[in-house]
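Chemist: Just so you know, the protein sequences line up as chains A and B, in that order.
First residue of the first sequence? That's 0 in numbering that gives the first Met the number 0, and the numbers climb one at a time after it.
First residue of the second sequence? That's 0 in numbering that gives the first Met the number 0, and the numbers climb one at a time after it.
Derived by calculation from the structure, the hints in this document are not laboratory data.
Some hints could be false.
As a list, the in silico DSSO-like pairs of lysine-lysine whose alpha-carbon atoms are at most 30 Å apart [as the list claims (entries may be wrong)]:
| id | chain 1 | residue 1 | chain 2 | residue 2 |
| --- | --- | --- | --- | --- |
| 1 | A | K104 | A | K71 |
| 2 | A | K170 | B | K84 |
| 3 | A | K184 | A | K170 |
| 4 | A | K71 | A | K103 |
| 5 | A | K170 | B | K73 |
| 6 | A | K104 | A | K270 |
| 7 | A | K71 | A | K327 |
| 8 | A | K184 | B | K135 |
Keep in mind it's a predicted model, so treat the numbers as computed, not measured.
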Amino acid sequence: MRILGIETSCDETALAVMSEQDGRFVVEQNILASQAKTHAKYGGVVPEVAAREHAALLFPLLHQMDLAPDGKDVDAIAVTSGPGLVPALRIGVELAKTLSWVWKKPLVAVNHLEGHLYSVWLDTAPAFPALCLLVSGGHTELILMHGHGHYEFLGMTRDDAAGEAFDKVAKLLGLPYPGGPEISKAATTGNPCAIDFPRPMIDSGDLDFSFAGLKTAVRVYLASSPPLAKGRPGGVEDGRPGGVEDVAASFQQAVVDTLVSKTLQAVHKTKPRSVILSGGVSANRLLRETLRDNLHAYSTEISFHAPDLSLTGDNAVMIALAGLFKAKRGEFCDPLTLVADPNLRLGSPGLQPGCSPG
Amino acid sequence: MSHTTHSDEETKALAAEFARTLHGGEVVFLEGDLGSGKTTFVRGVAEALGFSDPVRSPSFTIVNRYVIQHPTIKQMLHVDLYRLKDVSELSALALEEELERPGTVAFIEWPSLFRDVFPTPSVVLTLTALPAGEHKIEIQDLR
């Protein structure tokens, strides 16, 4: 089966074509607008949130894929139908519905979060039940996958997402956007124990997260200390924590400790056979390594999976992958009635409006 | 009027009191730095109006919409313009459409770059984080 994936739920305009050949998944095409050569050609800019950027970019990108005009080289179309920004989602959803109708090819609606979870399936097959920690700019969730398409929400952030905390703390430290990579870079020469930032809700007993308080703790720390110097790596020599690097390292450590601790609490509660780390923040090396090592120390029986670094951020490969699994189960949507849903929940198959199993 | 709150609970209690003055159709601007309590205040209003799902930061989604069961208020829009850089990005969000719906109360964080685009605010809230975890909340009522 060959499937076209479409993702426009937020900032990224992305298209991909994937196929399954002899039980292996092959990425035949993978285009992100922010990397596309068409940008210069069409005078576009990297889309921030503007839906019309998606609209302006999608058709040139589709053209660049050079698919047969009658759609004969794809068997199905998968699109992110939510959650996300309504006007942005609509562009992808309407394109997918139109192609599905014109080409007479089945349409699959994919939940954006489901896409992130499936990003690891490109080159591995986690055993069920699989516990997933999904961390990105917009999400921090613990989800238990009982099987393909069967999800149970265990916990989520009550305020800010982890990636959002990275972005905002980067801003407080005067580092550029996006903050995740910048903080990690600064942290490499900092002392993670320099400042004892709180590990929010680590002992709350449930599996929810909260990162707004940690952001505030960084702000309060910065307001109460002398202006930070850059380049005072591990600045403990004069007895007080030093520069931006120490704050970045201490903050990152607090986020990682919180995420890893909650994930291990969830492992203990739910006894999964595998653990999946995905989403934009899963590119963070300290998080990857700490979670992997702690999981291994907890039990060598539980496998650990994280996506290829190229698939941590929003992309259409993950949507096509999740779409392939849904298509194989026959979970198709009516191209006349599917609507973009900004608050789409990840639930059991068949619960989305316009979609039906089998 | 200026208030000082000493905890998130106190901020939310003040927000609940403020919520009783709303009838639908208000546009509320929230000014204040990162961590000054803007989202906590909006959470307090939403909870006071009976919204039971978690109110999360809209920094990433730009617009959160909360459906409200109330005699005159039908929905709350929770808008965060922090990530937007210019007016063209704002127009693409089709916010006007949502703002015009009857029974809408809009809370807009980081409005300063876009003041001309929105209707004149009914209320301007200015939040400041003070040392020791206190927050100063100034309510400027223009109604």
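Chemist: Each hint needs a verdict: does it hold in this structure or not?
Modeler: Status of the hints after comparison with the structure:
1. K104/A <-> K71/A: holds, 9 Å
2. K170/A <-> K84/B: holds, 15 Å
3. K184/A <-> K170/A: Status holds; Cα separation ~14 Å.
4. K71/A <-> K103/A: holds, 10 Å
5. K170/A <-> K73/B: violated, 35 Å
6. K104/A <-> K270/A: Given that 30 Å is the threshold and the Cα spacing comes to 40 Å, the pair is violated.
7. K71/A <-> K327/A: holds, 19 Å
8. K184/A <-> K135/B: Answer violated: K184/A to K135/B is near 35 Å, above 30 Å.
The structure does not agree with the numbered hints 5, 6 and 8 stated previously, though it agrees with the rest.
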